[in-house]
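Protein chains in written order, with full-length UniProt numbering: chain Y, 1 to 580; chain G, 1 to 75; chain S, 1 to 275.
What you were told as hints is all true, and nothing was included just to trick you.
Chain G is faced by these chain Y residues, among others (derived, beta-carbon under 10 Å): (1) T313; (2) G326; (3) I369; (4) L511.
In case anyone wonders, no lab produced these hints; they're calculated from the structure. Backbone N, C-alpha and C fix where the C-beta goes; we use that ideal spot for every residue, glycine too.
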Amino acid sequence: MAMRNAYIDQFPEEARVIRAALWSSFLALMIGGTLGLIQGLHRTNVLRFIPSQDYYTVLTAHGVLLVITFTIFFLVGIFTWAVTTSLDRGVKDIRFTWGWYAMMSLGTLLVGVSILGGVVDQIPMNADVLYTFYSPFQAHPAFYVGFVLFVVGTWLAGFDWFRTWWAWKKDNPDERIPLPTFMALTTMLFWYLSSIGVAISILAFLLPWSLGIIDSVNPLLTRTLFWFFGHPVVYFWLMPAYMLWYTMLPKLSGGKLFSDPLARVVFVLFLILSTPVGIHHQYLDPGIAEGFKFIAMTNTMFLLLPSLLTAFTVVASMEHGARQRGGEGYLSWLKALPWRDPAFTGMALAGLMFAAGGFSGMINAGLSINYLVHNSWWVVGHFHLTVGTAVALTFMAASYWFIPQLTGKEIWNRSLGLVQVVLWFIGMTFMSNAMHRAGLFGIPRRTAEPQYEGFSFDPAVGTVAEIDAQVALGAALLTLSVYLFITNMVLTTIGGSTSDAIPDNTYAGTLSGPEDSPAIIDNLKLWTSIAVVLVIIAYSLPLASIIDAGGLFGPGIDPWKPSVVVDPSLVLESVRGVMP
Amino acid sequence: MSSAIEKGVDGKHPTDETDQVRELDHDEYDPIGTAILVGIYFLILVALWIFMYFIEFLGNGPTVTGVLLTVVGLA
Amino acid sequence: MNIHTYEKTWLAVAMVLIVGFIATITYGAVGPGIAMIDDDGGTIDPDTINDDERFSDPGVTHVGGNEYEAAVVAQAWAYTPSEITVPANSTVTFYVTSRDVTHSYTVAGTNVNTMVVPGQVSEMTVEFDEPGEYGILCNEYCGAYHHTMEGKLNVVPEDEFDLTELSTEAPDEAQLGNQTTINTTVSNDMNYDLETTATLEIGNQTVEQDQTVEQDQTVEQDVTVPAHGSETLEFAVDTTDFGTGDHDWTVTVDGHEGSGTLTVTNATEGGDGDA
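In isolation and in its complexed conformation, chain Y is listed as follows:
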């Protein structure tokens, strides 16, 4: 026992918080994943057992649980690991750490209950507003309050990591910031910057409006503030995955990180460029001048750079591992990689899918081509490759390494883990590919029944039926994969026996270390200032013109509560009624 040096042995208190965060994350994954299957079967008309109007409650829950709860709970767990491990010191006050975890959990509970009110009559709430909660849809105030609590919880988590770092810096004044901590801190800095947008949107507008304190909001303004946060949040999900690719994947491959300096440059670029790009979600919005959209596109395109650099550095680190394991040749070294390890294989496949998702993201970034893809199923295909695989599969794969670290127990069944990650890859190949294709001939996203009365879709290649079948099959395989994962995690945690064979809690060494990069790279104040300036350049004029044209509180926008369920034929009559 004395030999073992896993995370739980080094930081038993922190390990408990991280376990709690990871289990919150897994629970969200299980519920959200199940809801995804309901949607996949409903949309494609393979199996419909809920009324179509409830589809949107399910969709809201699927989105919020997977892109907010699942990802961010995992993030706070893994960043706590990264900071404590790389600084080799615990958090300052574990009660504070439990405090932010509790706050995030309470926020999640409020949001969850308000969404559940959409299908449970006994809960007098409704939040069928989807993950984007565009006004004038108005959710129950509990939805907004819960969202704020959750985000403030993440802010406090960031503060926890910063003050751990400050304490470390006092003891180590001349040392470079260890890479995992550097990654966590730069990520938090752009998170603070960008979540100001959603905080203003909710606290200044949507929450007072839902409480009846103000009567009207400017929908374009709250929408723009949402996307001020809404694109950086995708990098917030992605950065823990990147961190794992940089710090774990090289090690799992049997090698070292190819370049620590470039890893730092990449995270600095994300800090600088993540926020001034949100308008690329609004390329087809009225009320925003084309020039502002062009600026957002330019920033977005340059944001490809850190991801393209990551592709090289991470693959080169894997190749290093493969060659140290005896791999030879131009490409046959690939065979020398540890493909039987679910943690390695899952992350490598996640990275491969991110290369594909990166391509559809490049298309999404292109200004005018959004006329073709905007709000189509293509976009859903895209983010199921990015957040749905690059992030989700990396997190699941990493859990095969982390859960033993956090529990001191061996994984219940590693072979099943390998099956699970490969199943995810196969399921997502079917689903995402079909969604991308469907978007190109016009099938929209976010709809319960993409089958219309007056027209049908006309694919150039294949058929709608074949695409629907692939999506339904993919959704089924993905859900099965989630359940295999959860089963493995549960049986490891409650059934597994404590093992002395758990590897030491370490992360990858470097071939080229931080000493190869100038110290200015660690100047977080400098990069944050540049990020703020770029945000001001990208956003001040668009926001000013939106407020100037539509007013801070909009012209007479009435709230629209999605709970009012009426027969569409009555609505059509009312449409005729109001038309002169």
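Model the placement of chains G and S on the given structure of chain Y, informed by the hints.
Just chains G and S now, with coordinates in the frame of chain Y:
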């Protein structure tokens, strides 16, 4: 650097890299395989971009157009 | 910084890729002239849509030459009008706004696609070269029946297209021997005057009484309907020779038809009692 950074094979890492047969440092290692893979990726990206923009998109008319003078630059 | 040569090369290649992407998009704006939805449509208070010059009577109007405007009001869960018809070889500027929540106005299978945000007017200009039929759908979630929100866009051959509309108003019944009136209103949404002929045909097809069998009547009037205006025509009908029973009538203007049935009754058989 932190003591937590992995120091290579020393027999204390039961599962992580028991298969290592040699140690390569930065100067001995050229990631030629990586260069080939990202090169292939680059070619795929260029080909797919051209296909998507010029065939899928421009071939998918009608398209929203404008007066030529107002569409360029930061109007 | 100690960066491997391969990685420096990749950095350069990545920059070429990025610049190439931006250049392609810029070419799309300059070459094919693709324009983005922007703030040209201006803002509108959703409560004033019914008083708005453009949106109080939404639909297609002719601007001049081959240019048209189409005003559309979106609301959960329908477009008004739900069907848009324009001629081929035309340039159509759409103005779309929302009465309630955010919608989209998306012509399926084309690059015509805009968000419709309440308070804003989306303006987009599209050239339609070929005839065709397209579905219109809403691709932004807009409430419980979002998936039922759809419309239709018909691009018809130029010679089949006009913006003439016909409505008729006539009594259902008249007493034998009285005079009655069939009113016909012709509206014209083209940007020029419509000079045409209106024709009324009225005939007895209920072969009950032999004196009217061959008695089909046709009356013609010349009419000029001003641009974006309408004109009402009165066809006076003397029922003296009709005989009692049902008489179908049809008004034809410029290929458009309005029709109805006039029932001629005996003075003693009730009717509206008019003598």
